[in-house]
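Trainee: Listed below, chain by chain, are the residues.
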Amino acid sequence: MTGTLYRLTAHELCDAYKSGKTTPSQAVSSCLDRINAVDSKLKAFVDVWKDYAVDQAQASDDRWAKGAPKGPLDGVPIGLKDVLCTKQGFTTCCSKILRGYRSPFDATVVERLLNAGAIPVGKLNMDEFAMGSSTENSSVQVTRNPWNLRCVPGGSSGGSAAAVAADECAITLGSDTGGSIRQPAACCGCVGLKPTYGRVSRYGLVAFASSLDQIGPFTKDAHDMALVMNVISGRDPHDATSADVPVPDYTKALRADVSDLTVGLPKEYFTDALGQEMREKIEAAVKVFEKSGAKVIEVSLPHTDYAVAVYYIVCTAEASANLARFDGVRYGYRAPNAVSVEDMYHRSKSEGYGPEVQRRIMLGTYVLSSGYYDAYYLKAQKARALIRRDFTNAFQKCDVILTPTAPTPAFEIGAKTADPLEMYLSDIYTISVNLAGIPGLSIPCGLTASKLPAGLQILGKPFGEETLLRAAYTYEQKRGFTLGQPPIS
Amino acid sequence: MEYEVVVGMEVHVEIDTKSKVFCACSTNFHAPPNTNVCPICLGMPGVLPVLNRGMVEATVAVGLALNCTISRWSKMDRKNYFYPDLAKNYQISQYDLPLCHDGWMEINLDGTTKRIGITRAHMEEDTARNVHTIGVAESGVDFNRCGVPLLEIVTEPDIRSAQEAFEYLTRLKQLLQYLNVSDCNMEEGSLRAEANISIRPVGTEKFGVKTEVKNVASFSGVQKAIDYEIVRQRQVLEEGGTVVQETRGWDAAKGVTFSQRSKESAHDYRYFPEPDLVPVIVDEAWEKRIRESLPELPRARKQRFQDSYSLKPYDAGVLTASKAMADYFEAVVTAGAQPKPAANWIMVELQALLTEHKQELEDCKVTSASLAAMIGLIDDGTISGKIAKDVLIEMFDSGRDPKAIVTEKGLVQISDTAELEQIARDVLAANAGPVADFKAGKEKAFGFLVGQMMKATKGKGNPKIVNDILRNALSRV
Ligand SMILES: [Zn+2]
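So the protein sequences, as listed, match chains A and B. Going by this note's numbering, the first sequence wraps up at 489, each residue one higher than the last. Going by this note's numbering, the second sequence wraps up at 1477, each residue one higher than the last.
None of these hints come from the bench; they were simulated from the model.
Cβ-Cβ distance ranges computed for the label pairs, FRET-style:
| id | chain 1 | residue 1 | chain 2 | residue 2 | range |
| --- | --- | --- | --- | --- | --- |
| 1 | B | N1034 | A | K267 | 52 to 62 Å |
| 2 | B | K1018 | A | A418 | 47 to 57 Å |
| 3 | B | E1360 | A | E351 | 51 to 61 Å |
| 4 | B | V1256 | A | Y366 | 34 to 44 Å |
| 5 | A | R389 | B | E1284 | 23 to 33 Å |
| 6 | A | E351 | B | E1284 | 50 to 60 Å |
| 7 | B | N1034 | A | S340 | 21 to 31 Å |
| 8 | B | E1287 | A | T392 | 26 to 36 Å |
| 9 | A | H346 | B | D1183 | 39 to 49 Å |
| 10 | B | T1133 | A | S340 | 12 to 22 Å |
| 11 | B | V1136 | A | H346 | 19 to 29 Å |
| 12 | A | E351 | B | V1244 | 32 to 42 Å |
| 13 | B | V1256 | A | S340 | 23 to 33 Å |
In silico DSS-like cross-links for lysine-lysine, where the CA-CA straight-line distance does not exceed 25 Å:
| id | chain 1 | residue 1 | chain 2 | residue 2 |
| --- | --- | --- | --- | --- |
| 14 | B | K1403 | B | K1464 |
| 15 | A | K295 | A | K252 |
| 16 | A | K461 | A | K267 |
| 17 | B | K1079 | A | K379 |
| 18 | A | K382 | B | K1079 |
| 19 | B | K1464 | B | K1439 |
| 20 | A | K70 | A | K50 |
| 21 | A | K379 | B | K1075 |
| 22 | B | K1214 | B | K1224 |
| 23 | B | K1365 | B | K1386 |
| 24 | B | K1075 | A | K382 |
| 25 | B | K1389 | B | K1455 |
A virtual CB, placed ideally from N, CA and C, is assigned to each residue, including glycine.
Extracted from the complex, chain A is given alone in its bound form:
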């Protein structure tokens, strides 16, 4: 059975551990074998913790043997986006400026997963500092899409999405600032959730844009999503923005019933920007909800057009300050031969950051500058409030909103690298969600003619993750197809 153990979901693995059919050691070694077999093609992992994972798996074997697992994820192999601080291995955000950096602490989510018995097998590739939509901005390597190696996996959490889609591990964590979980989940054909802002602690997530960032999981199904959310959600005294809202048992939401739900379709999302094939996939998915008894209505999010502009002002402004600390003084890359402190800053940053990161730092510095602040940053904050209000208004009429996750399926590597604005449009359906702070989940809704996954985005009210999971679970049960295995070719 070791041969294909890597294909199992976390809940299937735990059932197998419980019944004694297999052990965490067997599952972990199966995943390590899988990584060994496919990752030279995929390049999802930037660091694999083989010895560590094997040791942890043996300890988990003992706990299961004694009938005393630490928690519902004991012995489940997981992967972590390289933006999450881990005492084990390196934490580099796939940037040259942090090459070789070791964090002295574990992120709160990592600590919680370790306490639940999950076994991290390594760190995953990403766009440098999570800035990008294709994972091509990594300073380490370009990750490939398991469905078509010529295509990108999406981004910025491309490594996390590709690893789950290619069965390199059961669960991964990513981070989502403007779609960085949902868009790659759609591109690679797995389930990805950006929780409500404040649902999951950001402590130990290297900040890109603090008011937008959320950590979230990639899983193979809605059931696993509920299991991970049970572990990582909740107030953290280390994160002042983490919400003191009770964490329900999310597995209780796994009911195939949406008959009491009203589904909203925002008219602003179904325009010409959406390709015909993607539109058909989404419409088919909406039919599944309708058939399952949900009421479908049209809603309006009138300020949608401003989202991309607002987003790139807010996120770059915050990033320009968040990334200031990488200066070569205390840790990370320090350019040699600097002649003054200022020269050291200039050289270290110029040599340490890639072009997209530099572009965003400069843009963010500009919009905060004296004389421009009111016209850009302040105006963006006002527009952000309007976008948030759009959702509040829409959710008075419906319980969930369905949209495409991305306007197109995964594109070819290099197709958009020359045009940053074109790249930014990959996130038009996901960005507003971060600006509004609401939860959003992407779930596969079929394959295109060119055999690339399409993603359905399900949006909910603040702290409405239970409803999202119920909708996703219902859709999974009723959609009548599975994506099957990606060819990895």
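Chain A is already provided as a structure; the job is to place chain B with the ligand on it using the hints.
Mentor: The following block gives chain B with the ligand in isolation, referenced to the frame of chain A:
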């Protein structure tokens, strides 16, 4: 032309919370370099700040004592600039919505009272310290101080003389010490004062161009720097020049200010709201709790000293100038001493010893109980006031109990009339001349004879009894 000076003060005070403002590290920055640090105050990747509640309470307490309005809703902001002593390369501070605003403080000068407007008091974090060692090519950074809570208090441009500035700083320090929020040690940098100074022709409204004098190590330094700037700026204007808006340092040795950085090269701090922290909300109930827990403040305490202890306003003012001295005085009285002698002994003799030895009252070995005991020994006639001065010196040096000192050194006053009568007879016999003088009406001779008595008793004769016996003996001559 006659000019008047316009001064606004900016004071930074380190607040004595146990832990730093955004992490759990100790605020003791005198520990060996980089020992009171953690990933948060070092600005490591992935960390987040959490605001220390104690800092909010201390700031509200200061704000209330300064008659400020407390913001129900305020927020923290990021102030961006690059410097190696700033771990994150931004300082978390408060920009447009300070926690406390629009207050005032009274100062007294030459018998008149004046209100100095307080523009704002806000929370921020202190920076690390860059350490440059002579002869070493590299500089070090000690992050122990990075993240120590800092309170910035800004006045309106209401100050009109260097003396007013000095008085303001003295009153402010007194207030902060009474509130027990800071040791206000200027030499160690826990209190830093900057003065914004401009001059304008008397009778005009418009402010002149200001200079900002920084890095002054004492209140008297601030006073001298302002006086220096008045003269310097007037000279510039009278020579037809214009005052340059700039930051100036103070050279205490030369007694001059000097140009440090002109405003043209000043930073654009690109302030924006700190997204890692939630708004600071101080509701009415919380403000009320803090208000009710405020200690008695200097003005109230001075009045009470006058009323309860019948002290003169001047004495009450001196005793309440520092919280430490006022506490000490009350402890001496509680230990049984009469208020008036207690006040005198503290203000005169003890203060002289402290000044002479450059000691703070807090470090003084003379406990309130032992000073009360010493005053008790005078009251019950065991020692004379003159002897007591020597006893106090011994107490000050050794910290010993006054009774033990008196007993050991045999300083007990001679009140035994038989013994003193014998000495009087001897003194009169040996000083026929002065006795004759006295008899001839020269009262001055009496003083001489008392002196002889005290000399014979090595100062231990009870002055009152010596007087009586001597007069008696003389009347019988
Ligand atoms: Zn610390």
